[in-house]
Amino acid sequence: MSKPNQSRRRKATRLPGNWAKTAQRPEPYNPLDLANLGRSVELKLLASDPVRLADIPIFVGAGVYAIYYSGDHELYEPISSGSYEIPIYVGKAIPAGGRKGLVDETKETAPLWKRLQEHKESLKPVHDLDERDFAVRYLVTIDVFIPLAERVMIRQLKPVWNVVVDGFGNHDPGANRRKDGQRPPWDELHPGRWWSTPEEMPTPSKVTEHELRERVRSHLARGVKVTPETAMQLESDDLAKLIPEWDDDDPEEWR
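This note's numbering applies: residue 2 is where the sequence shown begins, and numbers increase by one.
Simulated from the structure, these hints should not be mistaken for lab results. Ideal Cβ positions, reconstructed from N, Cα and C, are used throughout, including at glycine.
Quick list of simulated restraints, FRET-style, between CB atoms:
hint : residue 1 : residue 2 : range
1    : Pro199    : Ala55     : 27 to 37 Å
2    : Trp195    : His74     : 16 to 26 Å
3    : Glu119    : Pro29     : 39 to 49 Å
4    : Gln118    : Asp73     : 23 to 33 Å
5    : Pro58     : Pro174    : 27 to 37 Å
6    : Ser219    : His172    : 26 to 36 Å
7    : Ala21     : Val52     : 53 to 63 Å
8    : Val61     : Arg223    : 34 to 44 Å
Produce the complete structure using the sequences and hints provided.
Okay, structure coming up:
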């Protein structure tokens, strides 16, 4: 005797009558969403190999970067590591004309390499830091995603020189601003850059060195570490708020 057709016995799966009221509604993942694109740039950067800040070969292109500290300064002991897990600072470099959409695509430039060299030179005269104790991860990327990726990293990694001690990325503001302006908090904490000395910039920061030290200790005590897994935890709505706008008040094409 032939066996009955098993397929005929199967009943179609039916949705319960009230399914729409109780069903979960996960947000469809859109890999082309600006927030997710910015996050993908961040993950690509974090997966790259760190290079000593003092040994970066010259290269073409603009992009984003994360700087790490591995020295013995007691203030940064919580993040000082040869494994380079928690950056002390993140930043970007865009090509000249990038803010106004006037980039000459036929001209090769090196804004990212130049920016990293400026950081190295900024660290050389500092009394309590050594540029040889810094390493960097950097990523050359498409111009439009550079500001977004930088803001995603600042929001998620919370580097201490971005969110607590402002001024590491500053340039010499010029003679008039030096005379009338306040010393950047970073230079109050780490003196040495010629243009921020009391002789050149007599007005101190609103925040004292002691207060800055306490703020740094409090911030680093919380601990921030981002891996490819935890990087996906920042909500897309939060990331969407970071859609870039060029910094029109920047004195330079990058900061």
